[in-house]
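Participant: The chain contents come next:
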Amino acid sequence: MNPVWIILFAPLCAAAIITLLTRKAQMLSALISCAAIITGFVLTLQLFAQQGNWMSPEPLQWLVVDNIVRIEFGATIDRLSILMLLVVTGVGSAIHIYSLGYMKGDPGFSRFFACLSLFTFSMLGIVLSNNFIQIFIFWELVGVSSYLLIGFWFEKHSAAEAGKKAFLTNRIGDFGMMLGVLLLWTNTGTFNFAELPAKIAAIPSCTLGLIGALIFCGAVGKSAQFPLHVWLPDAMEGPTPVSALIHAATMVAAGVYMLCRVSFVILPSETALTLIAWIGGITALMAATIAIAQNDIKRILAYSTLSQLGYMVMAVGLTGITPAMFHLTTHAFFKALLFLGAGSVIMAMHHEQDIWKMGGLWKKTPITFATFMIGTLALAGVWPLSGFYSKDEILLLALEHNKALFIMGAFTAFLTAYYMGRECFVVFFGKPRDKHAYDHAHESPWVMTLPLVFLAVLSIIGGWGSYIPHFLKPDEHAAHHDAWKGFALLLVPAAGFLLSAKIYLKADASDAPVKAALGRAWTWVENKYYFDELYAWIIRYVQGTIAMLCELFDRWVLQRLGIGGLAGTTSVAGKTLRLLQTGNIQSYAFLFGLGVTVIIYYVVVR
Amino acid sequence: MEHLLTIAILLPLASAFLAFLLPAKKPGAIRALALFATGVSLLLTLYIFSQFDRQDAGYQFVKSIEWLPSLKVNLKFGVDGISMTLLLLVGIVSFCGALVSHEIHDRQKEYYILFLALTTGISGTFCAMDMFFFYFFYEMAVIPMYLLIGMYGSLPAGKHGRTKEYATMKLTLYLTAGAVLALIGLLTMYYAGGKTFDMVELKNNLRLAGSTQKWVFACLLFGFGFLASLFPFHTWSPLGYAAAPTAASMMHAGVLKKLGAYGIIRLALPLLPEGARHWVDLLAILCIFNILYAGLAALTQKDWKFVIGYSSVSHMGYVMLGIATLNVIGVSGAVLLMFAHGVMAALTFSLIGFFYHQTHNRNVPDLSGLARKIPFIGVCMVMAAMASSGLPGFANFASEIMVFIGAWHQGSTVFRIATICAVWGIVVTATYLLWAVRTSFFGPFDEKWNMLKDATTLKQKFPYAFLLAVLLVVGFWPRSLTDIIKPSVQRILATNSHRLAQMEKQ
Chain A
1 MNPVWIILFA PLCAAAIITL LTRKAQMLSA LISCAAIITG FVLTLQLFAQ
51 QGNWMSPEPL QWLVVDNIVR IEFGATIDRL SILMLLVVTG VGSAIHIYSL
101 GYMKGDPGFS RFFACLSLFT FSMLGIVLSN NFIQIFIFWE LVGVSSYLLI
151 GFWFEKHSAA EAGKKAFLTN RIGDFGMMLG VLLLWTNTGT FNFAELPAKI
201 AAIPSCTLGL IGALIFCGAV GKSAQFPLHV WLPDAMEGPT PVSALIHAAT
251 MVAAGVYMLC RVSFVILPSE TALTLIAWIG GITALMAATI AIAQNDIKRI
301 LAYSTLSQLG YMVMAVGLTG ITPAMFHLTT HAFFKALLFL GAGSVIMAMH
351 HEQDIWKMGG LWKKTPITFA TFMIGTLALA GVWPLSGFYS KDEILLLALE
401 HNKALFIMGA FTAFLTAYYM GRECFVVFFG KPRDKHAYDH AHESPWVMTL
451 PLVFLAVLSI IGGWGSYIPH FLKPDEHAAH HDAWKGFALL LVPAAGFLLS
501 AKIYLKADAS DAPVKAALGR AWTWVENKYY FDELYAWIIR YVQGTIAMLC
551 ELFDRWVLQR LGIGGLAGTT SVAGKTLRLL QTGNIQSYAF LFGLGVTVII
601 YYVVVR
Chain B
1 MEHLLTIAIL LPLASAFLAF LLPAKKPGAI RALALFATGV SLLLTLYIFS
51 QFDRQDAGYQ FVKSIEWLPS LKVNLKFGVD GISMTLLLLV GIVSFCGALV
101 SHEIHDRQKE YYILFLALTT GISGTFCAMD MFFFYFFYEM AVIPMYLLIG
151 MYGSLPAGKH GRTKEYATMK LTLYLTAGAV LALIGLLTMY YAGGKTFDMV
201 ELKNNLRLAG STQKWVFACL LFGFGFLASL FPFHTWSPLG YAAAPTAASM
251 MHAGVLKKLG AYGIIRLALP LLPEGARHWV DLLAILCIFN ILYAGLAALT
301 QKDWKFVIGY SSVSHMGYVM LGIATLNVIG VSGAVLLMFA HGVMAALTFS
351 LIGFFYHQTH NRNVPDLSGL ARKIPFIGVC MVMAAMASSG LPGFANFASE
401 IMVFIGAWHQ GSTVFRIATI CAVWGIVVTA TYLLWAVRTS FFGPFDEKWN
451 MLKDATTLKQ KFPYAFLLAV LLVVGFWPRS LTDIIKPSVQ RILATNSHRL
501 AQMEKQ
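These protein sequences, in sequence, are chains A and B. Counting along the first sequence from 1, when you hit position 348 you're at 348 in this note's numbering, and nothing is skipped either side. Counting along the second sequence from 1, when you hit position 52 you're at 52 in this note's numbering, and nothing is skipped either side.
Derived from the structure by calculation, the hints contain no laboratory data. Take every hint as true, because none was put in to throw you off.
Restraint ranges, calculated between C-beta atoms of paired labels, are given here:
no.: 1; chain 1: A; residue 1: Asn67; chain 2: B; residue 2: Phe466; range: 34 to 44 Å
no.: 2; chain 1: A; residue 1: Lys199; chain 2: B; residue 2: Asp53; range: 29 to 39 Å
no.: 3; chain 1: A; residue 1: Phe531; chain 2: B; residue 2: Leu472; range: 32 to 42 Å
no.: 4; chain 1: B; residue 1: Ala32; chain 2: A; residue 2: Phe531; range: 55 to 65 Å
no.: 5; chain 1: B; residue 1: Leu472; chain 2: A; residue 2: Lys199; range: 26 to 36 Å
no.: 6; chain 1: A; residue 1: Ala198; chain 2: B; residue 2: Pro365; range: 48 to 58 Å
For lysine-lysine, the following BS3-like pairs were computed, each having C-alpha atoms within a straight-line distance of at most 25 Å:
no.: 7; chain 1: B; residue 1: Lys459; chain 2: A; residue 2: Lys24
no.: 8; chain 1: A; residue 1: Lys506; chain 2: A; residue 2: Lys363
no.: 9; chain 1: B; residue 1: Lys453; chain 2: A; residue 2: Lys24
no.: 10; chain 1: A; residue 1: Lys156; chain 2: B; residue 2: Lys302
Reference listing, derived: stretches of chain B covered by chain A, where coverage requires no fewer than 3 residues with Cβ under 8 Å from a Cβ of chain A:
no.: 11; segment: 173-187
no.: 12; segment: 367-379
no.: 13; segment: 396-403
no.: 14; segment: 420-433
Since we're looking at a predicted model, the values are computed, not measured. All C-beta atoms, glycine included, are put in the ideal place defined by N, C-alpha and C.
Please take these sequences and the hints and turn them into a complete structure.
Facilitator: If you want it as structure tokens, here you go:
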């Protein structure tokens, strides 16, 4: 059996075993789930070590109708999927182990691990898919497992609502994607990634642009790009390991990965590329501005994720597939680290998430503090941490292709350093703002700190020697940028850190000076530019009105006039309606008789 | 071998006669008999399925009994891939329906007699190779349904100011009117086809001019469309389901409704090619209304059964759209969707029945946080909602994607628009179902539902788990059914285009 199938199906088996058999034995369930993903990680490492001698397994014919539709279930093994497998199983393993500590004592412990395994399975499915329908299948499965995980604490209103929102927002994106896939299929007659590139050239350029844009819709939903970004911050209602998994290593990365996987559709079309680049740039900047005014330790990270995903999407739009994947990988390391670190802080503060109730925690939680700082510096792109290399590649790419996007990207980088500085300084420095919680704060157990250290190491070394881009494109020398440009860009995060230090690195720090300086703009960013309110209004009034009209039409027009309409003549209608009101069984006989009369009439006439 | 099919179909009816002889004071024995009859006929159906020749597109297990020689009426049963799939559906749903009927306490004898007659009525219609018996079994299904709803149903008082009697009467009137309309079409075909009821002979004999075909097809399309709840003839459906007892809703939404679509595929498509081509564009437009209009109407419903009722109207839109494509993938998708939706609808109605039996309230906003108290039912309901919104892994996804591909492949602008609307329809479906699940099963638990009891024993869990398992097995491996559906659909469509070619030659 090909090891790829084991990597893919081990988590599914784990989820099934936990649900059906071991639900009562909590620790056993958790261990089965961890064992499944760690097995996957080890097997992926083995594949990785083979360096290029990969054999894709024989695909299964999943659905075949004539020769027009042939849907396979297969696995693509190439450099792109191996890198992504490493990220998903590697970071995923760390998150699984961390969850052992974080979820301890939760009544839904087994259910949590079952969902986690289901999620892993779906994500690995996206990575391995070899055709559009298969990727769509797993795409949807990722949607549903995220629904289950975000709404894990389903008795909380906000969690139940957030899960629903995530699923539905993703569905809207999938709507576009499905149409894109259908349109592509009509023009090429195949869904397979291997067969498509050769047939792309024959498609007229405007159709191709439309296909690219529609398929990009799927990525907009999954990778939470503007204007479908609203689900991601709310998804913070899930347990913290879920946030780490969904927002760092997997779900949101799936959108970018998919774009890279199907780059053959996107790259030939100038229109699609421009759209993608701008959506990415706008998302990056918009999310970064929102992040400066948030008070929830996880929400700040959530907006930061949006912003970083914006970078990746922008890179794809600027034809930089390799830089996008490079940043996806390093981002998976340091963002998982930051989320898990935030989880550790939340645990230490007894489930307090407001940064303005924290402060001075560096003494109490030294390991969390140290690793969180590494994550922050990596995210801000400070040399020599991994984020420096990957972010620079994207920014320099933008400098080459599109100056406006470069300026947006650079400003985003400044804001990134600024809001991360704000978060760190308020949480770990200054004086404790909640004395009681501070006194009881404690460092997390080793099952939680060990994954932190593991991810911290990856966040440091992930970008060294540009190993990842080399792995993706071994025969191509990475575009050589002038080293001085990269180091000059270091000034940007430095400025951000300095500014936030000036405002927030003191005992009685508060948002007041920034609020005063920004005025009305602060209200806008604090309220996330009112997107949620706008969408709620549309759903309530536009969709609600149409639905109400349908219902009223159904009740008052069709239900009342329906019977009259079908009988054809008014007299019959009148009789039928009268019968209907008396509500007796004779009316049945009447209609039966009517039928017989019609038959006899017909027979006689003929 | 040939007898097996006949036995599987007639066993429930025979048991109904047997139950008639049993004393009403022994409801346990009658219930056991009903379970035995539906269970054995499910097993027989599964056996027939396992013996089914997957290469053969024609009728198998054919058994003919002479009935009225003077009128050339024969009791003739046989299954091709389409009938086989739907017969499986009847077996599965009727067995599960009998299992969950333990909530019936009054007049159990009559209840099970009606239920068993209904089962034979439906499976007989699916397998009849003779138009006379096709119609006979069809009527045999409608009458027990009328009594089941009228006698055992319930409609929360004040719901649109309607009573269950109103709902029953309306349902029956609509279905009968549809049947009469279809009968006109069928009789025309009977006379034009050399006065034979035999479907195979009819296929060889029937010659109808293009203009005649147009109105005959309209009779069949709209006549059967009533039953398939085609817009705008659907209004009986949500109301009827809401009033029906659990097992009747399961049988009706799950199986009986599929008779309409089946009739169109079996009789109208192969025999009236010209008529079909004339009406498909209109049909596609009506399907858009079915899918989106009923979906939006479902958004405003508060009663669980009305939500699912409108949802099933919306889903029948996909089935009819698949039929309208007139291509192999679309029609095969429609048949598979009839199966998938049947199982899913039965599952949803049985789950609603489970908690409604205890709460006597199925108003979505009145329920809150039920998942804590009835986790098993909650999990099943989430999965049913996901299946219904076309999540991969469930049979519904495989069939819906076939319908999408088929409709898109059809190529004309009307169908392109219909496909776009249909794909958007799954967003709408997810919206109302997730709302209903989220409101009544998630959120803080309401103490007033403290008396709820979950399904805990294997016996209680079985029907729900079984229906879910069927959806998952077919969802993971759709070829288990498409491989038998496809050849038969191909055959029907080949007849259709062959006839069309002939007509053009003349």
